[in-house]
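Enquirer: Note that this note's numbering has the sequence shown beginning at 7, numbered continuously upward.
Any given hint might turn out to be false.
[As the list claims (entries may be wrong)] Taking CB as the label site, the calculated pair distances span:
| # | residue 1 | residue 2 | range |
| --- | --- | --- | --- |
| 1 | P157 | F25 | 20 to 26 angstroms |
| 2 | A17 | T184 | 21 to 27 angstroms |
| 3 | N193 | T132 | 37 to 43 angstroms |
| 4 | F7 | W162 | 35 to 41 angstroms |
| 5 | L185 | L11 | 19 to 25 angstroms |
| 6 | T52 | L185 | 38 to 44 angstroms |
Note that these hints are calculated values from the structure, not bench results. None of the values given here were measured: they were computed from a predicted structure. Note that beta-carbon positions come from the ideal geometry of N, C-alpha and C, so glycine has one too.
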Amino acid sequence: FDVSLPGFTVAALKTLSGFGSVTGDVSVAPTGIVAPGTNSAPGTLTFTSSLTQSRGAVTDFDLSANPSGPNNDLVIIQGDLNVSNGGGQNTLDISGGGAPGSVHPLFKYSGTFNGDLSYFTVVGPTGVLTNDTTSSPKVIALIVSASVRGPTNVVWVGNPGQNDWDVLNLTNWLNSGTLDFFVSGDNV
C-alpha cells in the first residue's frame with residue numbers, strides 16, 4: 007500500500023488493517039483505527055515511514071498467551087512514532103494476553119518516540135506499558151498484571167443503574183451464572 011505522496015490519513019471511524027507494509031507517512035485521526043492482522047488472524051503491520059496518532063486514535067491488538075509466539079498482533083514503524091494527547095488519550099484496545107508478568111510487544115519503532123506512554127490508555131488486560139529504548143528496534147510493550155479471559159458464551163442481563171452493551175467495561179453479562187464483562191469474540 008503506497009501512500010508516499012502526499013501521505014495518508016486514517017479518517018475518523020475508519021480502519022487501516024491487514025498484513026504487510028504501508029509505504030509513506032500515515033496519520034490517524036481521532037477515532038481512526040489501526041488494526042494489524044484481521045478479525046480472524048493476528049498479524050504484523052509495518053509502516054516504512056512515520057506513524058502519527060492524534061489524540062483519540064485507536065490501535066487494536068489481538069494477543070495470545072505466549073508473548074513470543076507467532077499469534078500476536080504487532081505494529082512496526084521504520085520511522086518515528088508520534089503520539090499526541092491534546093486533551094484526550096489514544097486507546098490500545100487489547101484482546102487476550104498472557105499470564106501476569108508476561109511482556110507483549112505492541113509497537114517496534116526504529117526512529118524516535120515523540121510523545122509519552124501516559125498518552126495511551128489500555129482497554130483489556132490490566133497492565134503497564136514500558137518503552138525499551140535500548141533494544142534495536144525500540145519496543146513499546148504491555149506487561150500484563152491481570153489477563154482477560156478468552157471468548158465464551160455469555161447472556162445479557164443488563165443493569166438497572168447503567169444498562170450499556172459495551173466491551174470490558176460493565177458487568178452486564180452472565181458467564182456460567184456469574185456476572186462478567188463482554189469480551190470481544192463472546193457468543194451471545
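Enquirer: Hint compliance check: list the failing hint numbers for this structure, sorted ascending.
Expert: Going through the list in order, the structure violates hints 2, 3, 5 and respects the others.
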